[in-house]
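The primary structure of each chain is shown beneath.
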Amino acid sequence: MALSLLESEAPDLSRDGLNTQGVYIYRPANAKPNKPQNERPPKRRKVESDGQEKQEEKSQGAQARPFVPLLNGEESASSVDLRYNAYQRLWSKQEAKIQEVLEDVDSKILEEVSSFVKESSAQIYDGCIPSALVTVGSNVSSLGRLVTRLNERLITSGEGGVVVLESGDAPNIKTTLKNIIRAAVTNTEGNDGYQSFLTDREGPRLLAYDLDLLGDYVQRKGVTKLVLAFRDSEAFDPNLLTDLLSLLSSWLDRIPFTLLFGISTSVELFEGRLPRSSVALLRGQYFELHEASNCVDRIYERLQADPDGEFWLGRSITGVLFERTSDYFYTPEAFCRTVKYAYMSHFFANPLAVLFSKDSASAGLPHGKLCQAVRNLPSFRALCEDLVEDGHSKQVRNLLENDEYLFQECLKYLETGQKQMRNIFEAVKSTHTFLKHLNLSKKIGVSDISILALSGELHNSQIVNDILNTMKTLDSEGLKGLLATVPENLADSPQVREIQRDFEALLEAYPNSKPLQSGYDNRNSVAKVTVVQQRVQVTKSKAKQPKQNVEYTQILDRFHATLGAYFAETLVGPQDLYLYEVFLLDMRYPLKDTVAPRPRFAIERALSSPFDYLISTSDTPENRLSAKQPVTAILYQLYLESGAIVNAHDLWSAFYAVFESDQGDECDERVIMALFYRALSELKALGVVKNSRKKVDHIAKTSWAGL
Amino acid sequence: MKRKQPDSGSEDEYRPVSTPKRQRTTANGIMNNNLNGNGSPEASPTKRTPRKSNAATPAALKESGLKTPTQRAKAKALFTTTKSTTVSTPTRARNADRSAKKKSARLLLEQDDEEVWDGAYRLAEEILEDENDAPATTADGNKEVKESVEASTEPTEKSAQTPKRRAGRPKGARNKRSPTPEGELPPHERYFFQNRAGPTHTSNNTLNKVSLLTHEEYFDTLARYTDPCKREKEFLLDLHHRSFPQWDFEFDQGFNICLYGFGSKRRLLQSFADWLHQKHSPASPSIVIVNGHTPNISIRSIFATIATAVLGADLPSKLGSQPVEVLELLQSVLKSRPSQEPITVLINSIDAPPLRRAVNQALLSRLAATPMIRLLATTDTPNFLLMWDINFRDQYNFVFHDCTTFAAFDAEFDIVEEVHGLLGRKGRRIGGKEGVGFVLKSLPENAQNLYRLLLTELITMLDDGHNSDDEDGGQGQGENNAHNETGIEFRMLYQKATEEFVASSEMMFRTLLKEFHDHQMITSRIDASGMEILGVPLSREEMEGVLEDLVLS
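Residue numbers (UniProt numbering), protein chains in the order written: chain A, 1 to 707; chain B, 1 to 553.
So that you can see chain B by itself, here it is in the shape it has in the complex (with noise of 0.2 Å):
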C-alpha cells in the first residue's frame, strides 16, 4: 500500500517508454471496472459509507477512462517540461522531490521485491542522479507514517503543476495500483503476475461495519427482488424444454445425459420428469430423483430406492449394508426381468459434495453402465469432467449437453452459511432462533428444560460481562462474534441439570445434549486446558427470544 504511490506515479510517466503494450489497454473498459473494484476504497479512504464513495467514481471515471491513452502520451511530455523548466513554487516542488527522492532510495533497496516493476526502478534511479546527495533512509517506523502521508500528497502536487492532467484524470485514478494493470494480459501472464511474491494489495476495509443477514431477513428481502432477466431465463428454460424428445431418443439409443452449464438445473429436471411422464403416459416409466446436495446422501439409499423402484412389493427385507451388494442384487434383477421398462435416474449435482468422491463416482458409473438403467446427471462446477477417468467416461457413456439456466441455486445448498463460512463468519446455525424453537418444541420437556438452563446460564455469564478466561484472539472478529466464545464448562452445566433434576445421570445428560448436537444447538469445544465448553451458537437477541418462548410456553 505504501511502497505502491511512488509505482503507479512512475509507472504512468514511463509506460510509453518502458513497456510499449501498455498503448492498447485502456480503451476496454476494464479500467472503469477496475477502480470500482479496487480502486475506489482505496482512493477515498476517509469515508466511512461505502454508498457514497462508490457513487461518486465510477461516474466520473466512466468518461475519463477512454481518453487516458492519449493523456498517457501528453502526460510524457508534460512531465518532462516540469523538470526542465523553472518551477512556479520552488519550495513546494523541493519537497516533493525530497520525498520522491526518499522513496526512490527505499525502492533501490528494496529492488527485488518488485522487480517486476521496472519503470519504478528506473525512474528511482533517475531521481537519485538528478541530484547526486540523496538521502538514503531506510524505512523505520516513523518514517513510513510521514511517508505515506507524503505519497498521497505528492502527487496531486505534482500535477497541480500540469493542471491539464489534473482536469483529464480523477482522483482516484493515480493512486491506484490496479491488480491488472495490462487489461488485455493473456491469462497465463495474468495467473503470475497476480500471483507474484510480494504483499498483497488489497484495502483493510473489513465488514465489521456491514450489517451481514440473518437467514430470516435474507429471505424476507429476496422476496422483495424481481429478476430484470426474468424473461429471458423463462425463454432459455423453454428452449431446453424443446431438446427433451431429443434426450429421451439418446436414452433410447442407450446413451446416458449429461447437462452441463450455470445455473439450477432442479427445475428443468423436474419438468423433464413430467414430460416423460406424460410422453409415455399410460405405461409411464419409473423416475428416480436424487438430489446431489443432500448432505449426508448415501450411494446405498439410492441403489435401494432403485431397487424399491424396480421391484416394488417384491423387495428383500434385507438388501445388504455395502452399496455394491445392493447394486448387484438390483442389475441381477435387471438381467432376470427382460420385460421390465427402463428405470430413468435423474441425480441433480452429480458433481456436489456429497457424491464427489472417486468412490461414489465408481459406484454410480456401474449404476450407469447398468443396461435398463437411464441416467440423467446434472453438473454445476466448471471441472466436473476432472472427476471421471477414461473407464468412468466409458462406463457412464454421456452425452454432454450445455443447458446454462442462470437459476438461483436456492434449494441447492444454504446460501447464508455459504457466505458465511466463505468469509470466515461461520456460528449462525441454520433456522436460526425460529429453527431451534421448532426443534425444541419436538423434544421432551427434560430436554427442554435442559436447554433453558443452558440459555440462562450464557446469558447470565453475558450479562456479567464475564467472557470467559479461555477467549483468545477473537477481538478482530468484532463484537458479532464474541458471543461465540462464551461457553459453559460441560461438568458445570452437569452439576446445574442435577440440581433442577433436569438428568438423573451423567449418561441421560449427555443423551440429552447429543439430541442438540444433532440439530446444532450446541457447539462444543476443549478449551486450553481440555475442559469441554459447550456453547450455543445464537445472538444474544436470539438466545433471549429463545429463551422467552421457553419459558413461556
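The shape of chain A in the complex, shown without the other chains (with noise of 0.2 Å):
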C-alpha cells in the first residue's frame, strides 16, 4: 500500500526531487514506467546491466561519428565520415611526431636521473636518505611524465618502484604516510592487493599509516628503490615535511628510499625552508630539466615544417599559441592539446576539409553543395579574376559551371598549394640553419621565423637580408659549409649544382692556398686615414685582390643572386595561395577564447549591454536603461554608477525607479521587490557586492568593471 503511494508520487519528484540533491545518476525523464522509480540501488544495477548488453550490440554495429553533416546539414553521410576520417588520420600522425619529441626532451634526463636512483643507497651516502632534487622551472608537467617513465622501468626490472605524493596528499603526518603506503601497494599489486594485504596478515593488525606495514611490502617482494617524488614541493607544509624526512630516515635500514623533489623556484630556496637538522638527513644529486619553451619550439617544427605536411597552422593562431607559452607558463601538453584543438575545429566545422581524404576523388560523392561552397571562396575569385586577368574566360566558365571540373581542378589546386607550403616551411627551415652557421643570431627560433613567413612577410625581412648580406662576406670554408646546408629542392636546381661544380673545380684549381676571401669582406678593404684641410677624413678602398678571389666573389655573387630569387619564390604569402581555406587554419578567435577565456569581460558584458546577447525583437535596440532587460543586468547598470559602498535603499528605489518610468501607475512594488532580491542575490553570488558594516544597510562594492 505504502509503496503504490510512493511510486505514485515518484515522477512528480523526479525533476525537482532530484536538483536539491547533491549528486545523483542521472535518469531521463521519460524512464520506463514499469521499472520502479523509488528502488533506487536495485534500479541502477538494472539500467547498468540493461546498458552493457546493448553496448554489446551496438560494438557489432555501425559506430556514429562524432561530426555532424554540415552544408547546412545537406552534407551526406559518406562525406561526414570521410572528413572524420581524414582528421584522424592527420591527428594520429601528428600525434605521433609530438610524443617522439617528447620522449627525446626527456630521455636524456632520464637516464641521468635513473642512473641515479640505480647507484645511489643509503650505504653510499652514510646513512642519508639519497634525494634527487629537480628544478623543473616552469616546465612543471616535464617531472610528471619523467616519474612516470622511471616508474615503469624500475617495476619492470622488478626493483621497486615510484610513489609521487602531492601536496594535496599531504594534509598531515598520518594521512600521508597512509597515502604512500597505499601508493606503494597499489602500484604493483592493484587495489585488491591492497586490500588483501591489509587483511590477510598474521599477528595483530596493523592501522594502516603503520610503516611497519611497507617494510614487510619491501621484504616480501624484494623491492630495492623505493622512489618517493615529491611534485610540488614547495606546496608542502615545511613542519609536516620535517616530521616526514625524520621518520623516514630512521626507517631507511628498512626502506630503501629514495627521494625525489620537484622545485619550481631554486635548490637555495627550498633548502631554506627546511631545518637545518633535516637537510643535514638528505645528501644527492641536482638535475636540471629544460625550459618548456625550448620543447614547445620543437613540437611546433616538428608539427609545421615536416616534409609530408599537409595542414598548416596560420599565422594568427601561431602567434595565439607562442603568446600562450611565453605569458602563462603553458604546459607543452597543453600546447599540443591547443594546436589538436585547432585541427579538430578545422575538420568539424569546414565542410571543404572533406577534399583531404585520400579517396574522396573515387567515392563519387554529390558535389553540388560542396562546389557552391568552394565558389564563395576569397581566394576561388581571386583564381577566376587572375585567370580572366590572363585570358582564360572559358576555364573560369568552365570553373563556375561545371562541378566535376571543378572538383578535380581542387584537388589539383590543393595539391600546388601544399607543395608551396611545404616550401615555404623547408624555406623557413632552412632560414634557421643559416642563421645557426652564420652566426647571426641564436635568439630566433623556428617559430618566430614561421610567424613571419606565415604572414607573408618573411622575404622581405631584416632576417633574410642578413643572411644575404653576411653571405657575401663569406670565406670558401665558410661557403662550403652553406653549400651543404641548402635545402634539398634547392641543391637540385641547375643553378645551385653548376655553382657547386664552379666552387669545387676553384677549389681544386688553388688547393694549396688559404681560404679563399670574399671581395665584399671587410678585412680586404684598405682604411685609409687622410688629414685634408684639418678634416679627417677616411677612405676605404678595395686592396688589389689576388685572381683566385676574383673568381670566388664572382661564384658568390651567383649563389647570392640565386639564393635571393630562391627566397623570393618560395615565400609567397600563404593566403595569396589558391584554396588556402582548405589547408590552412587561420582563425584566432574561437580558439582563442577556448583556451584562454575572459569570463570576467563576458559576464561584464552579458551585464551591462545584455541585448549584445539577447537578440532584441523589440524595435528599440536602444542602450538605455529600461525594465526591458534583465533584472540583473538593470542592478549591475545602477551598481557601476556607484561608488564605493552602496545605499542599498536608494540602490532600491533607483531600481523602482527604473520600472516605474517605464511601466507606469501598472508596475507592483512587491514585484519589482522580488525581482530586486533575485538580482541583488546574483549579484552578490557573483561576487561583486558584499556586506559593509561601514554603515547600516549598506553593501560595498569589491569589484570595479574593466579592471
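Errors might be hidden in some of the hints.
As a list, the in silico DSSO-like pairs of lysine-lysine whose alpha-carbon atoms are at most 30 Å apart [to be verified]:
| hint | chain 1 | residue 1 | chain 2 | residue 2 |
| --- | --- | --- | --- | --- |
| 1 | B | Lys318 | A | Lys592 |
| 2 | A | Lys97 | B | Lys335 |
| 3 | B | Lys209 | B | Lys233 |
| 4 | A | Lys225 | B | Lys335 |
| 5 | A | Lys174 | A | Lys221 |
| 6 | A | Lys93 | A | Lys394 |
DEER-style ranges, computed between Cβ atoms [what the hints assert, rightly or not]:
| hint | chain 1 | residue 1 | chain 2 | residue 2 | range |
| --- | --- | --- | --- | --- | --- |
| 7 | A | Gln88 | B | Ser317 | 54 to 62 Å |
| 8 | B | Gly254 | A | Leu207 | 37 to 45 Å |
| 9 | B | Arg267 | A | Gly573 | 45 to 53 Å |
| 10 | A | Ala382 | B | Asp238 | 33 to 41 Å |
For the record, the hints were derived by calculation from the structure and aren't laboratory data. We put the beta carbon where it would ideally sit given N, CA and C, even for glycine.
Assemble the dimeric complex from its two separately framed chains, guided by the hints.
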C-alpha cells in the first residue's frame, strides 16, 4: 500500500526532487514506467546491466560518427565519414610526432635520474637519504612524465617503484604515511592487492599508516628502490616535511627510500625552508630540466615544417600559441592540446576538409553543395580574376559551371598549394639553419621565422636581408659549409649545381692557398686615414685582390642571386595561395576564447549590454536602461555608477524608478521588490558586492568593471 | 554630506578652467543614472516614499542631461558677471557670500581631506581674497547644523540670480556630488577615485521603512511576474543547444568542458544530459550530475556515486572514508575494464562555495584527468579561473565555452536568505513558519511539546515587554530584529521541560534540542555572563502561528 503510494509520487519528484540532491545518477525523465522508480539501488543495477548488453549489440553495428553534417545539414553521410577519417589520419600522425619529440626531450634527464636512482644508496651516503633535486622551472608537467617513465622502468626491472606525492595528499603526517603506503602497494599489487595485504596478515592488525606495513611489503617483494617523488615540494607544509624526513630516515635501514623533489624555484630557496637538521638528513644530486619553451619550439617545428605536412596553422593561431606559452607558462601538453583543438575545429566545421580524404575523388560524392561552397571562397574569386586577366575566360566559365571539372581542379590546386606550403616551411627551416651557420642570431627560433613566413613578410624581413648580406662576405670554408645546408629542392636546381661545380673546380685549382676571401669582406678593404684641411677623412679602398679571390667572388655573387631568387619565389604569403582555406587554418577567435577565456569580460558584457546576447525582437535596441532588460543587468548598471559603498535603500529606489518610469502606475511594488531580491542575490553570488559594516543597510562594492 | 555642497557648486563653475576633462563627460547619459542611483534621494531628503521622489527626477533629468555641457560653459560666464555687476538684492547676496566664506575657510582648514577637489579649494581661496575679513570659523556642532541648512539654500539663491541657468538645470543636479563625476574615467582611475580617503558620501536612508520580503511572499509575488526577455532567453538557450554535437566531439577527443558566462546553466546541463542519453540511445552512457551549490556536498560522495555508476552491484561494501581512496578505487576499476563506456560527469557550479576550496579542486582535477571520465563543469563567478593554477589547468584539460543564459539562479541558492545576509538582516529561517511546522510534524511528540514550551515562554516574554537584559545595541536594527534578541536561558527551559515531563534528563533534553538545531529551528548564543540563551528565528506572528498549529494538532 505504502509502496504504491510512493510510486505514484515518484514522477513528480524526478525533476525537482533530484535537483536538490547534491549528486545523483542521471535518469531520463521519460523512463519506462514498468521500472519501479523508488527502489534506487536495484534500479541502478538494472540500468547498468541493460546498458552493457546493449553496448555489445552496438559495438557490432556501425559506430556513430561524432561529426555532424554541414552545409546546412545537406552534407552526405559518406562525406561526413570521410572528413572524420581524414581528421583521424592526420592527427594520429601528428600526435605520434609529438610523442617522439617529448620522449626525446626527456630521454637525457631520464637516463641521468634513473642511473642516480640505481647507483645511490644509503650506504654510499653515510646513512643519509639519497635524494634527487630536480628543478623544473616553468616546465611543470615534465616531472610527471619523468616520474611515470621512471616508474615503468623500475617496475619492469622489478626493483621497486615510484610513489608520487602531491601537496594535496599530505594534510597531516598520518594521512601522508597512509597515502605513501597505499600508493606503494597498489602500484604493483593493484587495489585489491592492497586490501588483501592489509587484512591477510598474521599477528595483530596494523594501522594503515604504520610503516611496518611498508617494511613488510618491501621484504616480501624484495624491493631495492622505493622512490618517493614530491611533485610540488614547495607547496608542502615545511613542518610536515621535517617530521616526514626524520621518520623516513629512521626507517631507512629497513625501507630503501630514494627521494625526488620537484622544485619550481631554486634549490637554495627549497633548502632555506627546511631546518638544518632535516637538510642534514638528505644527500644527493641536482638535476635541471629543460625549459618548456625549448620543447614547445621543437614540437611546433615538427608539426608544421615536416616535409610530409598536409595541413597548417596560420599566423594568428601560431601567435596565440606562442603568446600563451610565454605569458602563462603553458606546458608542452597544453600546447599540443591547443594545436589539437585547432585541428579538430577545422575538420569539424569546415566542409571543404573532405578534400583531404584520399578517397574523396573515388567516392563519387555528390559535389553540388561542396562546389557551391568552393565558389564562394575569396581565394576562388582571386583565382578566377587572375585567370580572366590572363585571358583564360573559358576555363573560368568551366570552373563556374561544371561541378565535376571544378572538383578535379580543386584537388589539383590543393596539391600545388600544399606543395608550396611545404616549400615555405623548408625555406623557414633553412633560414633557421643559415642563421645558426652564419652566427647571426641565436635567439630567433623556428616559430619566430614561421610567424613571419606565414604572414608573408619573411622575404622582405631583416632576417633574410641579414643572411644575404652576411653570405656575401663568407670565405670559401664558410661557403662550403653553407652549401652543405642548402635545402634539397634548391640544391637540385641547375644553377646551384653549376655553382657547386664551379666552386669545387676553383678549390681544386688552388688547393694550397688559404681559404679564399670574398671581395665584399671588410678585411680585404684598406681604410686610409688622411688629413685634408684639418679634417679627418676616412676612405676605404679595395685592396688588390688575387685572381682566385676575384673568381671566388663571382661565384659568391651568383650564389647570392640564386638564393635571393629562391627566397623570393618560395616565400609567398600563404593567403595568396589558391584554396588556402582548405589547408590553412588561421582564425584566431574561436580558438583563443576556447583555451584562454575571459569570463569576467563576458559577464561584465552580458550585464552591461545584455542585448549583445539577447537578440532583441523589439524595435528599440537602444542601450538605455529600461525595464525590458534582465533584472540583474539593470541592477548591475545602477551598481556600476555607485561609489565604493552603496546605500541599499537608494539602490532599491533607483531600481524601482527604472520600472516605474517604464511601466507607469501599472507596476507592482512587491513584484519589483522580489525582482530586486533576485538581482541583488545574483550580484552577491557573482562576488561583486558584499556586506558592509560601515553603515546600516549598506553594501560594499568589490569589483570595478574593466579592471 | 555637509561639506559636499560647496564642492559641487564650485566644481561646476571651475571645471572648464581647471579640469578640461570635463568637457566630454556628460553627454553619455550616465548622469541620469547617477541621479537615479544616488542623487535623487539626497536631493529630496524630506520625501518619505521612494516612489514619488524618483518618479519625478529621472524624467526631468533625462531631458536636461544632454544639455549640461553647454550650460557649463555658459555658467562660467554667468558666474563672473554676477560677481562683477551689482546685485539686485544686496542683503541676500551678502548672506550667501558670508555663508560661502565660512565654508571656504573651513575648506581651507581641512583641505588635506579632500585634495582631489582642488577646484573647490581654489574657489575657496578666491572667495576669501574677495574680502579679507574672513571669519575663519572652525566647525563646532552648532555651526554645522546651521551651515548645512545654509548650504542647501545658498546655491538656490545664487541660481535665482541667474534665472537662465535655473531653468536649464533640475533641482537635484546641483547638490549632488556624484561618486562618478567623470563619466569616462578609465577603470583604474575610477577605482582610486571611489576608494579615496575621506568620509563616505551616501545618504542615511535605511530600509526600515520598506517592509522586506519573506520567503512565502517572495515566491508568491514572483509567480506574478512575466519575464520580458523570455523569448530572447529561449533563443539563446536554443543556440547553446546547437553546440551539443560539438561538445560531444570534444568529449570524444579527450577534452573536458567548462561553461562560463552569466546565468544559471542548470537547465542547459539537464538538456545536455537528455541529449546525450538520446543520442547514444541504445547504450546510453552513465551520467552523473553534481550540484555544486548543495550545502554539505562532499567530494567523497561525488566519487562514491561515480563508483556506483561504474560498478553497479559490484560496488564493494566498504569504500574507504578518504576521497582519495575512493578515487583510486575508481581509477583502478576503470583501468581494469577497457571495454567500459566513458562516464560523463556534469558538475553544476564547480566554483560554488562548497567545492571552491583548493583541496576539493585538486581532487576534482584528478578525477578529470582520469581517462574514461568526461567532465563538464559550469561556473558562475567571473573570477573562477583564479581557482586553478597551471597544474590544475593541465589536469582538467578544459576547453571553455561562453554559455551566457541569463537564467535565474532559483535553484542554486536561497535568494531571500542571501539578500538578508547581505543587508545584515539575517535570522529568518529557511522555510519560515511552514518549514518549522513541517519539521515539527515529523518529530516525536516529546519534541513537539518542547517546542511548544519554548514558543510559549518566548511569547510570554515578548508580551511582558521584557526584552531581556542582555539585549545590547540592537536598537538601530528596528523592530524587526528586536524579537531575535529575546531568548530563554538554557537552565530555565530545562527546568520547565522537566516540570512538564517533556524531558527526564539533561541528556535527553539536549538530544531534543540538537534536533531543532539541525533544522535551524532554534538559535543559541552565549550572553555576557556566560549563560546559554536559546531563541527562535521567527517573527512574532510566525511564532504564534506555529504555536497555534501545535496546540490544535
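Results of checking the hints against the structure:
no.	hint	verdict
1	B:Lys318 <-> A:Lys592	violated (45 Å)
2	A:Lys97 <-> B:Lys335	holds (26 Å)
3	B:Lys209 <-> B:Lys233	violated (35 Å)
4	A:Lys225 <-> B:Lys335	holds (25 Å)
5	A:Lys174 <-> A:Lys221	holds (24 Å)
6	A:Lys93 <-> A:Lys394	violated (41 Å)
7	A:Gln88 <-> B:Ser317: 54 to 62 Å	violated (43 Å)
8	B:Gly254 <-> A:Leu207: 37 to 45 Å	holds (39 Å)
9	B:Arg267 <-> A:Gly573: 45 to 53 Å	holds (47 Å)
10	A:Ala382 <-> B:Asp238: 33 to 41 Å	holds (37 Å)
The structure does not agree with the numbered hints 1, 3, 6 and 7 stated previously, though it agrees with the rest.
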